[in-house]
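Add chain B to chain A, keeping to what the hints say.
Residues per chain, in single letters:
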Amino acid sequence: MAARTEHSVAASFKDAAIAAVIALALFGPLVGLRTEVTTGGLFLSQRWGDVAIAVAVVFVGRLLLNVFVFKTDRPATNLFSGMKLSAGALARIGPVFGPLMLGLALTLPFILLYGAPSQSRYYIDLGILVLTYVMLGWGLNIVVGMAGLLDLGYVAFYAVGAYSYALLAINFGWSFWLCLPLAGVLAGLWGITLGFPVLRLRGDYLAIVTLAFGEIIRIVLLNWYEFTGGPNGLNNIPRPSFFGLEFDRSPEGFAATFGLEFAAIHRIIFLYYLILALALLTAFVTVRVRRLPVGRAWEALREDEIACRSLGINTTTTKLTAFAMGAMFGGFAGSFFATRQGFISPESFTFIESAVILAIVVLGGLGSQIGVVIAAIVLIGGFEIFRDFAEYRMLVFGLAMVLIMVWRPRGLISTRKPTIALGKAKAIGGELVGEGRG
Amino acid sequence: MEYFLQQLINGITLGSIYGLIAIGYTMVYGIIGMINFAHGDIFMVGSFIALIMIIALGLTAGSAIAVVILSLLLVLVLAMVLTSAWGWSVERIAYRPLRGSFRLAPLITAIGMSIILQNFVQIAQGARVKPLQPIITGGYTVMDSNGFAVQVSNIQILIIMTTVILMVAFSLLISRTSLGRAQRACEQDRRMASLLGIDVDRTISLTFVMGAALAAVAGLMYLLYYGVIDFFIGFVAGVKAFTAAVLGGIGSLPGAMLGGLLLGLIETFWSGYFSVEYKDVAAFSILAIVLIFLPSGLLGRPEVEKV
Chain A
1 MAARTEHSVA
11 ASFKDAAIAA
21 VIALALFGPL
31 VGLRTEVTTG
41 GLFLSQRWGD
51 VAIAVAVVFV
61 GRLLLNVFVF
71 KTDRPATNLF
81 SGMKLSAGAL
91 ARIGPVFGPL
101 MLGLALTLPF
111 ILLYGAPSQS
121 RYYIDLGILV
131 LTYVMLGWGL
141 NIVVGMAGLL
151 DLGYVAFYAV
161 GAYSYALLAI
171 NFGWSFWLCL
181 PLAGVLAGLW
191 GITLGFPVLR
201 LRGDYLAIVT
211 LAFGEIIRIV
221 LLNWYEFTGG
231 PNGLNNIPRP
241 SFFGLEFDRS
251 PEGFAATFGL
261 EFAAIHRIIF
271 LYYLILALAL
281 LTAFVTVRVR
291 RLPVGRAWEA
301 LREDEIACRS
311 LGINTTTTKL
321 TAFAMGAMFG
331 GFAGSFFATR
341 QGFISPESFT
351 FIESAVILAI
361 VVLGGLGSQI
371 GVVIAAIVLI
381 GGFEIFRDFA
391 EYRMLVFGLA
401 MVLIMVWRPR
411 GLISTRKPTI
421 ALGKAKAIGG
431 ELVGEGRG
Chain B
1001 MEYFLQQLIN
1011 GITLGSIYGL
1021 IAIGYTMVYG
1031 IIGMINFAHG
1041 DIFMVGSFIA
1051 LIMIIALGLT
1061 AGSAIAVVIL
1071 SLLLVLVLAM
1081 VLTSAWGWSV
1091 ERIAYRPLRG
1101 SFRLAPLITA
1111 IGMSIILQNF
1121 VQIAQGARVK
1131 PLQPIITGGY
1141 TVMDSNGFAV
1151 QVSNIQILII
1161 MTTVILMVAF
1171 SLLISRTSLG
1181 RAQRACEQDR
1191 RMASLLGIDV
1201 DRTISLTFVM
1211 GAALAAVAGL
1221 MYLLYYGVID
1231 FFIGFVAGVK
1241 AFTAAVLGGI
1251 GSLPGAMLGG
1261 LLLGLIETFW
1271 SGYFSVEYKD
1281 VAAFSILAIV
1291 LIFLPSGLLG
1301 RPEVEKV
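Here the protein sequences come in this chain order: A and B. At position 177 of the first sequence (counting the first as 1) the number is 177 in the working numbering, and the numbers step up by one without a gap. At position 47 of the second sequence (counting the first as 1) the number is 1047 in the working numbering, and the numbers step up by one without a gap.
I should point out that these hints are in silico values taken from the structure, not numbers from a laboratory. Where a beta carbon is used, it is the ideal one built from N, C-alpha and C, also for glycine. Keep in mind that the hints are not guaranteed to be accurate.
[To be verified] Some residues of chain A that are not near chain B, with every Cβ distance over 12 angstroms (derived): (1) 67; (2) 98; (3) 171; (4) 181; (5) 185; (6) 264; (7) 277; (8) 350; (9) 374; (10) 404; (11) 408; (12) 411.
[Stated by the list, open to error] Derived coverage of chain A by chain B (criterion: at least 3 residues anywhere in the stretch with Cβ under 8 angstroms from a Cβ of chain B; other residues may be distant): (13) 211 to 224; (14) 355 to 364.
In isolation and in its complexed conformation, chain A is listed as follows (with noise of 0.2 angstroms):
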């Protein structure tokens, strides 16, 4: 035993050593010698120091993980393996944590506008960009956790929506509550100009079309001037308004109506409200379409496309609708942020977006909805915690999508129950599940 353990210790430096000599590698000229602009053309400055810090980092992290982790019998990921909640616990907190997670999220303004009024604000704006990001996680899990079909360019529809809001808002006066529905259906439209193509498609054939798909949009709104303004984008957009009721100081505006001080933040808290809104209307039509005879063609098609067409389901009516349903969602939230931002420009839908959708998504556990959630918050929300290292918090949002990835390939929420079963329903293993091949 004791000779084992030296062992392994020896093993352990030399394998660490070599994780050294790879980094040294790795950093020695990104990090070691900086290329600096000057008038004079380029020069190199050298900052062997950081070089050596990244070596000691890695070394030494190898080291530990090594003695730690890997290169022994008790490994000390075991002392957290009792933490880890089964399945038989998963299934009894379930069913709490949804409501428990809704009531907070109902509560959470008035819970912030007296716990901690001056931070209210900022917190209300994060929590709506969280929630936006829920709807698009919602949008998206249609698309890729129930039928299957990998969507690399969803945000495409997401743009749809913002500029057909911003375009009919601006340029007939039309109101919010007649452009959301429009929008929705412009951009579920697209959804299915984008389907028909690709409905031969498979797998890694359909994600790059629709990446290629998603910046032709961008392409497109970038270019045309007089239509879409180009990069310069479109400003003055319509605040939505409180079912007619403006929130400002005039004696008609929400304010004054509801006897109530005037206050900036009653629109903020109006869009928290609306998107939240938004957000369950989302979840609620996805649960209640999963029992539709289409929801579970959906989930026939995911597991297998043949045994599905020898079934006689239709796929390409059930492929259509899984993506104008998806781009219909996509084009609401697209309305909503348009019409909480006041402005738009392609910038902000880059294909970056669609890949944090998707990672979102993924990371929640394909077709799980509180999943959505959890990934959305922990995701978005960790991005607003490192708003401090701006410069590194791009950094650390990849290096945690690798991380939670590594840690639970299957996504955070990986059990699942069967939509239909017969007798009783038992959730299952992620494992068990078909993967998205499309």
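Relative to chain A, chain B alone:
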């Protein structure tokens, strides 16, 4: 005609660069069936390493021709080795732990890695664009009529020659060596290959190393051709190269090169004859149209599905 010829030369040059990057995508896809989203950023890292090496060696257009050639060779080798280390590490950290797991998981880690690489280079090297004085200058006039001279610059010749040499060497590597055989075996059936004594993990690692080395070559070529790089070039180049790989039929090496050339030509001709702004739209639209009629790309084998 002269204008057409000039665009053709420019298009082939651009297509060669896309083709070199596309090979990395297509090889990784062929062997483990995943989209390596970070590959475009590996190309960007290769470009930066090449830039750092060029400045460190003090290479300028004024250097003697022999010095320039030797230094560029040295830069090329160093960039290939160091970028390969990046490719290897990315695979080791983000993809190997997820081997055999759920199919979308490595896609997400790949996107995460892409974000990490971009931001790492942005922090380490600064966000400003890095302009490099041209090192290889001069060229030949192929044709001169009606006052329009068709030019081939030396750098274009260098890019096309390098690509051709690498393609030949690479095809030989895949078809003749034991490593190539192991790769093809893993592509067909990973479990069977491992039963026959092939170290699958090592083969996959080497695939990433080779893909990264080719991306480093593309990075150096891009740097010498355009003379300007920044931390974001990887995204656009990556998407284009991936498009090229899919256009040619993902998993097929000649397909990747063909797709790259086609994409380069489409882009150049579209910018030459129609509008520069919509060149990407043209490229992506042609991709969509090709896929409607040939769902597995130009040279891809249709997937046979067993029930």
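Hints not upheld, ascending by number: 8, 10, 11, 12
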